[in-house]
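Two independent chains are provided; combine them into the complex using the hints.
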Amino acid sequence: MSDHNQDPNYDATHKSQLEGVDTSNKNLQNIGVELLSVHTDGTVHAKRMSGRFRTIKWIVAALWLSFFIGPYLQWDGRQAILFDLVNRQFHIFGLTILPQDIWVLAMMLLFAALALAATTAVAGRLWCGYACFQTVWMDVFTWLEEKFEGSPKKRERLEEQPWNWEKLRKKLPKWAAWSVIGFMTGFSFVAYFDPALDLWARLFSFEWTTTETVIILGLSAATVFFAGFLREQVCIGFCPYARIQGAMIDTETVVPTYDVDRGEPRGRMRRPKPGEEAPELGDCIDCNLCVAVCPTGVDIRKGQQFGCITCGLCIDACDSVMEKIKKPKGLIRYASLAEFAGKPFKPFYKRPRVLVYSSIMSLAAIAMIWGLMTMSPIDVKVLHERAPLFVQMSDGSIQNKYYAKVVNKSDRLLEAKITVDGPESMVYIVDEQINVVPGTVGTATLLVRIPKEDIEQTNTPIDIKVQDLNNPQVYETYESMFISP
Amino acid sequence: MAQHNPWPDEGNTGHIWDEDLRELDNPPPLWWMLAFYAGFVMIVFYALYYPTIPWTNSHYEGMSGWTQVEEYKEDYQVLKDWRDQKFAQEEEQLAALPLKEIIENDELRTYAVKTSKVLFGDYCAACHGAGGQGNPNFPVLADDDWLWGGKVNQIYTAIEKGRIGNMPARGMMGNLNDQEVEQVADYVIALSNGNGDDPSVSAGKAVYQKGMCLACHGPQGKPLAPNGATNLTDQIWRFSGERDEVIKTIKYGVMVKKDGELIENTRQAVMPAFAERLPDADVNMKRLAVYVHSLGGGQ
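Protein chains in written order, with my numbering: chain A, 51 to 535; chain B, 73 to 371.
Derived by calculation from the structure, the hints in this document are not laboratory data. All clues given are correct.
Simulated coverage check for chain B against chain A, where a stretch passes if three residues somewhere in it have a Cβ under 8 Å from a Cβ of chain A: (1) 196 to 205; (2) 213 to 221; (3) 304 to 311; (4) 358 to 369.
The structure displayed is predicted, hence computed values, not measured ones. The beta carbon of each residue, even a glycine, is placed where N, CA and C say it ideally should be.
Looking at chain B on its own, in the form it has when it is part of the complex (with noise of 0.2 Å):
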């Protein structure tokens, strides 16, 4: 710092290095000055009006009572009530019209499908698996092979009264004996593959015929409607298609009973009846079938 101040009369603050690098006090405009004080006294009514100071465990409420999520609570009510309004639409609209006009419009289709999600997840995943591709033993509903039809009515009649299966064991007649079981089940199999006119099977063949198995499953292996029974021509099985599996499930058939009780071994195909069972069961059930026939099959 200087000693004496070469330069007095200049109005420096008397802070001078290297000789003569000086600190000059030049005050602003005063309107600028005003402002300055201006922005002072604000920031006292702003820090009133608002919530500003914390306390240790609360904080200053502010005259205003303003608080950021109170805003986005209100905001965000406006979206609701929108969204409310909306669905409240949909939902008339879904109780009031037949299911054929549900899945032809396309904006009601695709509410219902997105609305049935958790439904599905809820009621129908333990068996058929979550998206509807299937457990061991429980049908696919992604594909189209429907045992009782994959039209969205057909859909509708299962969910709502359910669906027993039923085959008798050994042929229609309870008649077959186990080579005849087992000839059967390579025809099946063969026919499953495409080669049911193979000579290798021509015994099998015949076996169908005299255990009455054309029945249900039709004179080709086709039934002729939707009864319930598989079709046997194509390459999806109900059960299994492992050999063994098959001659099991000729064998003991499904849902076989004796004396009330169902017989050992013997397959278990019960779907429950869900009009009973879910919740505002008239809307949803049409939602999930609606959903399940949108699932990759529906016909």
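Pulled out of the complex, with its shape left as it was, chain A reads as follows (with noise of 0.2 Å):
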């Protein structure tokens, strides 16, 4: 293991086994085995700049503006999107969900764990570097750190300073306007599951429980420590997907890359001096503004590492200078290792791990589109009577007794018809009129008569069918048996 330089023998008779193998991978190459370096020492403060991915990180940031919308919505005289726990029903708009139809949600969760991994597959962590709420929050957090205390340069500063009474008087007003983004997450999480005006005004007036007050108040305070306090460290020491990352992504995966060939050797431009020959350099200027951007702190001209979450403002950082200085932009920019390894580009189409997962992630879209089509605010089951399985009755005919369970799964008085269709000569007694409470079940006895004599075998099929009388295009139909000796 140790002193091979020192064994004589050594070239002529080891070979590392990586010779000769193309491993395609040439920026690992070129970087050897050189430890990927995460920030560790003090708090990143990442530079802020305009660019392509910028605006595209602000307009996905945008969007989860919903979710301190979302408790507002109404429909139909109740919050539009609640998750009633207490009474076992989820409400999203029309639909209500009750827990017979629980696996369309996790179908929904199907679908997005595989656009997770498609997505990834295709240009890397989209999610991380666009989507997350740690990023996007973190995002936020950190631009109203840049208000109330400037540039990358002064916050580094006022780090430094010991703490007194003019370095508390600059932090106070972001703390504070970060409390109120998190008091905000917090209280809008819990709104989902109790109604939001509601929970307001029991605030106003202290009357909220204890559960209810633990959360709130537990969430707002994790959100500005996560966001606030932890950063980018949640990326890199908490979160398992960033680990997971390097198994979904592959050589034909875009990621932001660091264009080797060209950018090195890096150096400064200058005039050479009079005599002395310009020394031969890559593109790249070695203005390090690609690191001071990074919101994670990582040198992406080391390669692709795990404290990369593929943002795109490195992008941004570099397309910026590659501008001044008049060179091509992109020499840092969405490329797979394939590419610079000269492999013709691969269309997601011929890449069979991209296709796997978005045929799971289709059939988990169809099953939950079917579902979510099929899904009825009736449901409907026959138990048929055992004992007796049939009986004899006076004029010659045989009846069958059965109960029809129905389930009302919407929210408001079902009021429903029973029909059965069968044999031509059946008669059936049922009540007029079956009234169900929303979310309960109600009960029918149904009871089927068929004259011996037009009885073929000893199971009939017959059809039980429920409507709804409001609301006739709602019905479902059991298929039941008649029994006779």
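Rendered as structure tokens:
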């Protein structure tokens, strides 16, 4: 293991197994085995600058506003999106999901999980870089920090100052602003489970329950702590997704990458002194702007690394410099390792990983849509009486007894009619109307008679149909059996 | 392992593999470690507060005395109180309201039916079968053929006071000979099949008149009012529709006594009175009447 270099026979007898192997990874080859560092010394104070990816980030971040607005949308006299745990009902606009239909939510989760995998296979950590709440909240929090405390340089200086009144006076307004966002985050989350307007009303009369208080204040504090203080440490040290991504990207995945061939050897441009030969330099002028703007404090030029959340801000930074020094843009760009290895670009539909992910996604989506389309506000089960299975009636017909169990999944009183479809001479007796209170099961007793001479087999199929009287297109049919001697 | 450390100043642990792969010692930030240690302190309090440590035959109960079972019992008690109160209300109404109103009230009727099953199993099913499907020589309660009437108050009376069937042997006067018994048996079987006017059974038809069967079973084989006599025109047999069995019924009658003792071969048809037998009879008889009425043939 040690002291190979002193061994005169070493070079002849030992060869690296990597030699002669195309790893399709020029970045790593250039970097060698150098450890990729993460920012560990103090808070990262990233520089903010405008650009294409900055704009995309703001647009995606703005989508999160709907999280705060959501609880105030109303539908049919109640909160439009309400996960009513106590009554075991999920309301999503006109849709009410009872525990029976929870598999549809499972499909949504499957879809979301696979969407994460598929987007990662195509273009790296899109979720991390643009949409993740940690990234977005952190972005907003540092934006506020800049408003209150100034540029990264000023903030670093402020950080070095000993604690005194002056420092506190600069920090306090920022903390206050963070706390407001934190509180609204915790409050809005809980407002999806407890009606929002009621929650506000009870806030001002101090009538929150202990559970509500603990969850809201806990989430508020966690939001400030995670987005304000922990920041990129969450992505680097806490989030498992950062570690999984290595398995989810491959050489075809496009991620923000530094073009080593074009950039190296890096160096500052300077005028050669007389008699001196100008050094052969790559396009990278080693301005370190890409590091300065990075919210997680990594150096993208060291290659793809787990600290990189692929937010694209270094691309904005580098492009702005390339523009100034009149070199083509894209020294750092979205590119795949295969591209640097000179392989042709493979379209999505030829990449098995993407295909498998997206086919599972489509299956989940189809199941979800099918579930939502066929999700009926009523659910019908019919139980056949077993003692006795059938009864001989005085007029010579055979009678079967059934219990129709009708679940009312809607949020209003169900007034339904039960009809039976079977042999022509069949008659049935059932209550004219069955009323079912929302969220409960109603039972109707159904008697079906068929004259003995019209029965051809011991099991005669019959269809029992339950139809909403107020809404005739809502009905459920249950296939049952008529049993005779 | 390396015998010498080519990187003495970078704070590695001295563990070096493959010439340059080395383990660094990068401690986490101080606050992070503090939180880590705070976790240990937290565990101590947690372990003291909650039941945590198993002894050999018991366990440490914790300062809070909290147990999962206790919490479950409390939650269960809430539900039970709610249910008990609800049931008490229903019971009250069941006792107070007349049968007619109970049967028209969906909620009350459902309650009566659902709380009857055990009672029916205990007191009725031995003869009438679970679910009222009947037994040989015991009436089916799930059909629409009623000896004493299928209205809920008629059913109630049957439960309250009991019923005793009775049919004289060999006609009302007891004067039918064996041949006449067979003739009337054929007629009765034909009646059930809808062939009562068939010339082949005209002899039996005459016997039916002569034996005064019509006094109870009606001129057309159908009792004019519920009186305990069977409807002979339908397809339901109180005892059996086999020819030999029908002859036996006519020959020996139902509950025919001689010197205070039942005669041999006579049919037995006794339903005891339940007014004294049932616990809480005033409510439970109502409950059962509603239940029997709901079995499939109530009128």
